[in-house]
Amino acid sequence: MNRSRPESAQLLENLQRMARGEHAALAHAYDLMGTVVFSLAVRMLRDRPAAEDVTQDIFVQIWRQAANYDTSRGSPEAWIMMIARTRILDRLRSRSAGIVLKPVGDNLPDAPDAEDWPDDLAISREDAVNVRRCLAELPPDQKHAIELAFFDGLTHVEISEKLNVPLGTIKTRIRLGLIKIRDRLKELMGEEPVAEPLAAEE
Amino acid sequence: METTMTDNLLDAAACEAVGANTAADSVAYQQQLAGADEHARRADRELRQTVARLAAASPHLKPPAALRGRILEATAPATFNMEAYRKATRDSGRFYRWGFYAAMLFLTAGAYYNMSLQGKLKQADSAVAAVTHQVQQRDAALRAFVNPNATEVRLVDHGSGKTYGKALVDETAHTAVVILPDSLVPPGQTASFAYANQKPYDTLLIRVPGDAVDSPAGKPLNAILHVQSVQPDPHMAQIGIGY
Numbered sequence: 455m456n457r458s459r460p461e462s463a464q465l466l467e468n469l470q471r472m473a474r475g476e477h478a479a480l481a482h483a484y485d486l487m488g489t490v491v492f493s494l495a496v497r498m499l500r501d502r503p504a505a506e507d508v509t510q511d512i513f514v515q516i517w518r519q520a521a522n523y524d525t526s527r528g529s530p531e532a533w534i535m536m537i538a539r540t541r542i543l544d545r546l547r548s549r550s551a552g553i554v555l556k557p558v559g560d561n562l563p564d565a566p567d568a569e570d571w572p573d574d575l576a577i578s579r580e581d582a583v584n585v586r587r588c589l590a591e592l593p594p595d596q597k598h599a600i601e602l603a604f605f606d607g608l609t610h611v612e613i614s615e616k617l618n619v620p621l622g623t624i625k626t627r628i629r630l631g632l633i634k635i636r637d638r639l640k641e642l643m644g645e646e647p648v649a650e651p652l653a654a655e656e
Numbered sequence: 311m312e313t314t315m316t317d318n319l320l321d322a323a324a325c326e327a328v329g330a331n332t333a334a335d336s337v338a339y340q341q342q343l344a345g346a347d348e349h350a351r352r353a354d355r356e357l358r359q360t361v362a363r364l365a366a367a368s369p370h371l372k373p374p375a376a377l378r379g380r381i382l383e384a385t386a387p388a389t390f391n392m393e394a395y396r397k398a399t400r401d402s403g404r405f406y407r408w409g410f411y412a413a414m415l416f417l418t419a420g421a422y423y424n425m426s427l428q429g430k431l432k433q434a435d436s437a438v439a440a441v442t443h444q445v446q447q448r449d450a451a452l453r454a455f456v457n458p459n460a461t462e463v464r465l466v467d468h469g470s471g472k473t474y475g476k477a478l479v480d481e482t483a484h485t486a487v488v489i490l491p492d493s494l495v496p497p498g499q500t501a502s503f504a505y506a507n508q509k510p511y512d513t514l515l516i517r518v519p520g521d522a523v524d525s526p527a528g529k530p531l532n533a534i535l536h537v538q539s540v541q542p543d544p545h546m547a548q549i550g551i552g553y
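Protein chains in written order, with the working numbering: chain A, 455 to 656; chain B, 311 to 553.
Hints in this document: simulated from the structure, not taken from any laboratory.
Fair warning: there could be bad hints in the mix.
Claimed, not checked - With beta-carbon atoms standing in for the labels, derived distance ranges:
no.: 1; chain 1: A; residue 1: GLY475; chain 2: B; residue 2: TYR423; range: 50 to 60 Å
no.: 2; chain 1: B; residue 1: GLU383; chain 2: A; residue 2: PRO594; range: 43 to 53 Å
no.: 3; chain 1: A; residue 1: GLU615; chain 2: B; residue 2: GLY379; range: 39 to 49 Å
no.: 4; chain 1: B; residue 1: THR332; chain 2: A; residue 2: PRO594; range: 18 to 28 Å
no.: 5; chain 1: B; residue 1: LYS372; chain 2: A; residue 2: ALA478; range: 17 to 27 Å
no.: 6; chain 1: A; residue 1: ARG474; chain 2: B; residue 2: TYR411; range: 42 to 52 Å
no.: 7; chain 1: A; residue 1: HIS482; chain 2: B; residue 2: ALA376; range: 11 to 21 Å
no.: 8; chain 1: A; residue 1: GLY644; chain 2: B; residue 2: GLU383; range: 37 to 47 Å
Claimed, not checked - Below, a sample of chain B positions facing chain A; criterion: calculated Cβ distance under 8 Å:
no.: 9; residue: THR360
no.: 10; residue: ALA365
no.: 11; residue: LEU377
no.: 12; residue: ARG380
no.: 13; residue: LEU382
no.: 14; residue: THR385
For every residue, glycine included, the Cβ atom is placed at its ideal position computed from N, Cα and C.
Take the sequences, apply the hints, and build the full model.
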């Protein structure tokens with residue numbers, strides 16, 4: 455995350471205030487992350503009422519566990535998104551086993567240039583533009599594997615079965631895709647590139 | 311401790327970050343990471359932050375305005391607010407109003423009862439005082455009757471010769487107990503016994519209920535003022551009425 459943004463610093467401060475029991479800090483944190491969490495929930499669940507419920511659950515959990523946040527384990531945005539994805543995946547997997555997921559993006563508005571993204575969130579419009587650009591630049595098989603895992607909540611085993619591709623190949627696609635996104639984001643955001651060559655070609 | 315990031319470890323780290331590991335794979339990866347070096351932990355941290363950014367790839371959807379309030383309400387510290395409770399329960403306050411009326415009615419009834427009781431107590435006090443006075447008069451009369459120094463004087467109507475009252479006179483103590491029919495002494499007045507042209511005695515008047523004695527017929531109540539007409543015998547005693 456771009457930690458130099460004031461919104462990101464505010465989010466960290468609000469988490470620390472929540473840890474001290476300041477209820478008003480939760481309202482500010484929601485203002486910074488509520489839209490991001492809700493958008494992800496709608497994208498993954500494809501159900502607005504369910505997305506509202508799970509967003510509420512997520513922020514209640516954030517309020518209760520704010521004291522557990524450890525800055526050494528990542529940015530506050532990453533910590534919140536980890537909680538959000540876990541709760542959304544729980545909701546996804548609690549649905550009946552026979553549910554058929556619709557294709558990614560079905561019934562959702564397209565926003566390839568992220569012009570719709572507000573600029574006062576902890577994840578900035580610039581972040582949104584860059585992430586979408588990085589995803590668009592990925593090879594289709596890597597992009598598809600990451601989307602199935604991230605947005606549809608499938609495990610690598612399920613993706614392997616769904617695409618009829620060996621499990622090892624799916625793991626590699628996910629690894630390569632994520633490392634490309636990470637490095638490309640650093641490049642786009644002007645951050646230091648990764649020193650060691652972690653990526654290997656499939 | 312791991313000193314290098316193998317492809318297998320990176321695969322597991324990437325799948326863990328994006329949530330694609332199975333439960334068993336996730337446990338195995340966490341164990342590996344716990345024994346890994348800072349290099350591996352930093353890679354893990356970076357991949358998680360990269361995945362967190364992927365949320366921005368979702369189309370922006372603004373949550374409903376009410377959701378913010380619901381979250382704040384669900385996490386609000388538990389405090390009791392009477393006004394909020396009344397609003398939540400749509401209490402119009404009529405129960406409080408009727409309760410107030412009932413309390414006022416109760417207090418009014420209590421005040422009326424107290425005033426009524428006070429009046430009765432005053433009446434009872436007056437009755438007790440009257441009885442006490444009667445007892446004191448009776449005791450004085452009894453003492454006078456048995457007093458060896460007392461002389462009995464009859465109060466006689468000269469016209470009819472009838473005796474209407476008596477006096478017990480103690481010359482030594484210079485006291486007199488006068489017994490007269492109640493009808494002969496106007497209310498608020500008392501009697502003073504004296505012999506003609508002499509110092510009046512310290513007199514105690516005992517009223518006898520009118521229906522218990524034979525009152526002078528045809529005489530007005532103030533006839534007692536003409537005390538000279540009730541001539542005592544034998545010492546020319548007379549009764550004076552005063553306030």
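Hints and how they fare:
1. Take GLY475(A) and TYR423(B): their Cβ atoms lie about 55 Å apart, and the range 50 to 60 Å holds.
2. Here the CB-CB span from GLU383(B) to PRO594(A) is close to 45 Å, well matched to the stated 43 to 53 Å.
3. A C-beta distance of roughly 43 Å is found between GLU615(A) and GLY379(B), which places it inside the suggested range of 39 to 49 Å.
4. As the Cβ distance of THR332(B) to PRO594(A) is approximately 25 Å, the hint placing it in 18 to 28 Å holds.
5. Between LYS372(B) and ALA478(A) the Cβ separation comes to about 22 Å, which falls inside the hinted range of 17 to 27 Å.
6. For the pair ARG474(A) and TYR411(B), the beta carbons lie near 49 Å from each other, so the given range of 42 to 52 Å is met.
7. For the pair HIS482(A) and ALA376(B), the beta carbons lie near 18 Å from each other, so the given range of 11 to 21 Å is met.
8. In this structure, GLY644(A) and GLU383(B) meet the distance hint of 37 to 47 Å, their C-beta atoms being roughly 42 Å apart.
9. With a least beta-carbon distance of about 4 Å to chain A, the hint placing THR360(B) at the interface is held under the 8 Å criterion.
10. Below 8 Å, beta-carbon pairs count as interface contacts, and ALA365(B) has one with chain A at about 4 Å; its hint therefore holds.
11. For LEU377(B), the shortest C-beta to C-beta distance to chain A is roughly 5 Å, which falls under 8 Å, so the interface hint holds.
12. The beta carbon of ARG380(B) comes within 6 Å of a beta carbon in chain A, closer than 8 Å, and the hint placing it at the interface holds.
13. For LEU382(B), the shortest C-beta to C-beta distance to chain A is roughly 6 Å, which falls under 8 Å, so the interface hint holds.
14. A cut of 8 Å between beta carbons decides the hint on THR385(B): the least distance to chain A is about 5 Å, and the hint holds.
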